[in-house]
Amino acid sequence: MRLLALILLLTLSQAHAQGFAGLGTQADGFAIPQPDPVFTFPEDHGPHPEYRIEWWYLTATLQGMDGTDYGIQWTLFRSALEPETSYDWTAPQLFMGHAGLTTPTAHFSAERLARGGIGQAGVTSDPFHAQIDDWHMYSTATDGDAYDALHLTARGSNFAYDLNLTANGPLIFHGDGGYSVKSAQGQASYYYSQPFYAVTGTLNLPDGDVPVTGTAWLDREWSSQPLSDDQMGWDWFSLQFEDGARMMAFALRSTEGGTFTSATWINADGTTESYGDGHIALTPLATTQVAGRTIPTQWQLTFPVRGIDIQTTPINAQSWMDTSFPYWEGPITFTGSHTGRGYLEMTGYE
Amino acid sequence: MESPLLDLRDIHKSYDETPVLAGVSIGMDVGETLALTGESGSGKSTLLHLAGGLDRPDSGQVMVQGQDIGQLDDAARASARRTQIGLIFQQFNLVPSLNVGANIALQARLSGRHDAAFCTELAQRLGLDDLTTRYPEQLSGGQQQRVAIARALAPRPALILADEPTGNLDEETGDAVLSLLLDLVADTNAGLLMVTHSTRLAARLSRRIHLSRGILEAA
Amino acid sequence: MLYTAIQSLSSHWKRRPGQLAMLAIGLALATALWSGVQAINAEARSAYDRAAATLGQDQLARLERADGRPVSLDTYLALRSAGYLVSPVISGEIRDANGRLRVLGIDPLTAPAAAQGPALDGDLDLSTFFTAPGLLLVSEATANGPLPTDLPPITISSDVPPAAAITDISTAARLLGQTDPSYLLVAPQQPFGLPPLADATDLQLRAPETANDISRLTDSFHLNLTAFGFLSFGVGLFIVHAAIGLAFEQRRASIRTLRALGTPLRTVLLALGIELAAIALVAGLIGILMGYLIAAALMPGVAGTLRGLYGAEIEGILRFDPYWALSALFITWLGAAAAAVQAMIRTARMPLLAPALPRAWAQASGRAMRVQTVAALALFGLAAMLALFGQGLIAAFLCLAALLIGAALILPGVMSVALRFLPTRGAFSEWVLADTRQQIPGLSLALMALLLALSANIGVSTMVGSFRSTFIGWLDQRLASELYITAADPSEAAFLMDAIRPDVDAILPIVSADQRLFDRPAQVFGVVDHPTYRQAWPLLAQSENPWDQLATGNAALINEQLARRENLSPGDLLPIAEGLPIVGVYSDYGNPNGQAIVSLDRFADTYPEVQPFRFAIRINPEQAPAMASRLREEFGLPADAVTNQDQVKAFSIEVFDQTFLVTGALNILTLGVAGVALLTSLLTLANLRLPQLAPLWAIGTSRATLAKVELIRALGLAMLTFIFALPVGLALAWVLLALVNVEAFGWRLPMQLFPGDWTRLFALALIAAGLAALGPALRLARIPPARLTQIFAQER
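Heads up: the sequence lines are chains A, B and C, in that order.
1062 is the number of the first residue of the first sequence in my numbering; add one for each residue after it.
7 is the number of the first residue of the second sequence in my numbering; add one for each residue after it.
612 is the number of the first residue of the third sequence in my numbering; add one for each residue after it.
So here's chain A without its partners, still in its complex pose:
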């Protein structure tokens, strides 16, 4: 669940916000996530046009042969103007791709927009293939889940990458079996992940190609409801611990100063435990001037129940996604009670 997509949703759907009594009601025809979901695969790996918003969101922490840290992001957002689809110019399904590549000294980003329906962008579930222009994420799995093996490419004005991903663990489901609550008022989404990828591939940088290896994390989420009015921003962490465990944690910042937090603990074998509001605490330790804004780039994350007290440091504090709705997203390392790597997304800092 990432706030960015919600901003996109809100922006594109202003008409509905103005034209109807409120979002999230059934009146506009979009389906609403319900508790106790039952997922079927490979269908649910594909698009859900009856929901307003959906994304395929992959981040990878990578290292070159010389040990240099890198990170990449590949995201395809789907945003529906109407809960239906067609196969011509009029299809009300819009797609937005974001690609990012972070090195210790540089950050590259790219954005693509397209409408579904004519074949410029779209997602199929069997075989699984998500695409916008020449950016692809498709399944190379010969058996098992379609997400077990993926091929990933993207290209911007001054970078490109081409990666192969292999999952070393099962899909995991956030919240209550994949029903993830986003606010005290009960807004929710369907949310599952594949956090166990091993990655090999090549980064194409202005100075030349760099072979890399590393780990990756894929998020799948769809919903029709926006956040609460008072939720202004979002700090989201995916963390990989040295013992093979994983963790997802986020805090939604309220305009009143409070936060709504949520976390999922993922054991190395793929078993999970979900933690609702109030179990984790996030404290900014240092800020950086990024694109004219003050962004907290070093954090303290405490999770007393799990005995976690760590400090995170970005690989590149200037990991700014210079897209239509700009935000900070980049690889991090952490030390403290535990050490490891991860990815951080921060939105809503003006």
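For the record, the hints were derived by calculation from the structure and aren't laboratory data.
In this text, all values refer to a predicted model and were calculated from it rather than measured experimentally.
Every residue, glycine too, gets a C-beta built ideally from N, C-alpha and C.
Please note that a few of the clues may not be correct.
[What the hints assert, rightly or not] What the simulated footprint calls covered on chain B by chain C, stretch by stretch (three residues with Cβ under 8 Å from a Cβ of chain C suffice, anywhere in the stretch; the number is not a length):
| id | stretch |
| --- | --- |
| 1 | 39-49 |
| 2 | 108-115 |
[As the list claims (entries may be wrong)] FRET-style restraints, in silico, Cβ to Cβ:
| id | chain 1 | residue 1 | chain 2 | residue 2 | range |
| --- | --- | --- | --- | --- | --- |
| 3 | C | Ser769 | A | Ala1347 | 43 to 51 Å |
| 4 | C | Gln618 | B | Ala182 | 51 to 59 Å |
| 5 | C | Ala989 | B | Gln67 | 54 to 62 Å |
| 6 | A | Gly1180 | C | Ala1188 | 26 to 34 Å |
| 7 | A | Thr1166 | C | Ile765 | 50 to 58 Å |
| 8 | C | Ser1313 | B | Ala182 | 51 to 59 Å |
| 9 | B | Ser185 | C | Leu945 | 33 to 41 Å |
| 10 | C | Phe1129 | A | Thr1166 | 50 to 58 Å |
| 11 | C | Asp1268 | A | Gly1180 | 49 to 57 Å |
| 12 | A | Gly1180 | C | Gln1002 | 49 to 57 Å |
Chain A is already provided as a structure; the job is to place chains B and C on it using the hints.
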């Protein structure tokens, strides 16, 4: 020692290499009225123009109130004309687009010495008080010359230069205009240098000189 | 002192308000015509710029098929999935009985930033824009103009070009029934590591259009307008020059008195300058207002001209631009200063003591006249060289300018010589002629102005007249069919044709397709083999049996424009289908674009997607009205879907006349200005001439006779000017028709002479001269004898 009002010393002037004045010297004191007579072409108008700073001599000095205006540049001579000298022409030379009142006040205004009361007084003395809103073309020659006299006197110049002021007027009108001019010159304590070819009129002035072929002769 | 000097000098105008009015009118007219033309040009240019900047065409390259037909959607998608940043545009025209609209459908999601233009500005509701029924963005004028019916909702947006709508590509696709992009816009920066775009596609890559076709095409028209504006400005300055000269002459004595009374020369000049600047300010403001009104009044005509001649869309509405007003005012001052230079120099040089001898202020010596004549002959030589060897529109206009300026310069000499050879009877007429010769230098500027105005008038009216009669003759041949039908769609057309076929002599389908030929927009028509065409289409050049060859399907006819532009002649190949030999060239007046005709079968093979929905009917003319009403009543065709020949002709001629409305209006205005110039010159001379007239009066010529002579003299000079203007005007017309027209429009017209027009113009010239001379002559007739006697007194 007070310098003379006008002191022309050894003036030479030629036009197109034809000598017009060949060494003329004239002195004039405050309050004096001097008639300059001579035949046509004798150089009397030229002498008057030099005295009025309208032109410069080839050699010699034109001292007006102790200042050699012949040595001044155009702007300074213009300033001397505005403030020290009043000119009266045979052709009257009124500005046709200005009415009588404005014509009378013109030079006084230009020189920054405008005195409305004095202008009114001049108009009364010259019998123009009913005519101030008329335009020059609506006046007789005698009336026009009276306007020109008022204009010349209005800034209270020290020296009045008149070139055949009655030349375009009949004898009777001319006599009347001259009487007024002499009265006013006396009242304002100015000096008058008048060019005329009439010995009869010249006789009414305090002193007379005669110019013949560019040289002064005793009159 | 300065204030008193200004007051004294400017009191002159209070006494002579007529002169002041003349000066102001001259300045105002000069400003008005010049600034009016500038306003029109600026408005049109900004319309072109907006059109050129639409969708960032001025910054973005585009990809299109060499033949101008749509790019297939698959080609577009292949480029996108290869990683290239290209964005589709679906464009086309929708047209019905109510109006027409060019629709530009863009894809805001892929459009490069430069192309987003108005579509994504402000608080546009994207969802409404993207989803049916969609949203059309149009300019305010377009929204208020005639539009086709059944359009999606409309939103006003500035920066949308006239007669066009910007909308989402999905809406355009639906409105135009076309899913394939018309062309693709190319983002300036392409992604990392891709081969050059040109290597990745067969489509043609067209560079950004900094100056688009329209502004190139219309350059000649605007040059034309500018030339007219400049001519009027110059003629207006003649008036100003004359008025200032007159005022100077009349104030010579006052200026001398002021200086004698001790006003320095600097102060006098400054006073004159301030006075003129103030008059120029007021007159300039009046002129700007008049210019705006003239421009606003002419604007619809200009819009009509541009649409009719070039297919350029501008709104017939004038916006007020403060920058334009300021620059016009500046030009007024500059013009006033230029016109006053001579008078100022004279004032500065005027000796304080020289006897007040009035002399003709504009007296030019015989030597000046000789210099002018030599210069004129050199200019004529230059004009001839340009006509013979010049290339391009600029050369044609230079030729025009050399011709006109030369004619103006040589005019005093020609007049002088002509007067010398006029027969005389008796001493009095001898004096009149001699006196007239003497007056020519003083009147020469005004006469030159009159000559320019008359020549321009003759030249332009000959051009327009030749054009019009050729055009009407051509219409008669072209519009040979009795009825013209427009069906709602091809299927209705097919149904109608089948239904009426038994009752008519012939049905001639009218089909056309847009196609780029030689990298310029063009149209291809398909025609059936029918005597209508064989008889009615005169060919300018042809090979043997062109119509038989055309009927085989393996030949094409092209219009004159295409032939001239691409230097094609019968026997050359036209790149349609596999290449068709050209078998004939036809005239196609008023069409800015290239055109070609092929047989209907060839057309159907080449453009299978184009189905006819318009057709012409050959029928006995007497039965035409009945057939028209039958089509309306029995088949329910709307009234305007059936037009008969006469209607089409009347409409075409109306469009034509509208096209040259501006030229006509400017012509009349220029002539009027020349008349005023003559009047001011005569007024200036009137007083100066008194010393010459007084002796004649003294020796027994009555004032009335003298006045009559003045009047007749003015008429005679106008007549001589007209006689000289005739060959100049005809030469001008020849240059316009044979050089300018060919360069500007791509067709040549046969020159025809219109003596009727000349007679009218001759009368106008005499009336203008007569009116101009009447005032001064009447004044002379009523001048008090005292004024004349005074002259003897003053002339010492």
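Evaluated hints:
1. 39-49: violated (count 0)
2. 108-115: With 4 residues in contact (Cβ-Cβ under 8 Å with chain C), the coverage given for the stretch 108-115 of chain B holds.
3. Ser769/C / Ala1347/A: 43 to 51 Å: Since Ser769/C and Ala1347/A have Cβ atoms about 47 Å apart, the given range 43 to 51 Å holds.
4. Gln618/C / Ala182/B: 51 to 59 Å: With Cβ atoms ~31 Å apart, the hint is violated.
5. Ala989/C / Gln67/B: 54 to 62 Å: holds (57 Å)
6. Gly1180/A / Ala1188/C: 26 to 34 Å: holds (31 Å)
7. Thr1166/A / Ile765/C: 50 to 58 Å: Roughly 52 Å apart at Cβ, these two residues keep to the hinted range, so it holds.
8. Ser1313/C / Ala182/B: 51 to 59 Å: violated (39 Å)
9. Ser185/B / Leu945/C: 33 to 41 Å: Since the Cβ atoms of Ser185/B and Leu945/C sit about 56 Å apart, the hinted range of 33 to 41 Å is violated.
10. Phe1129/C / Thr1166/A: 50 to 58 Å: holds (53 Å)
11. Asp1268/C / Gly1180/A: 49 to 57 Å: holds (53 Å)
12. Gly1180/A / Gln1002/C: 49 to 57 Å: holds (51 Å)
The structure fails hints 1, 4, 8, 9 (numbered hints given earlier, in ascending order).
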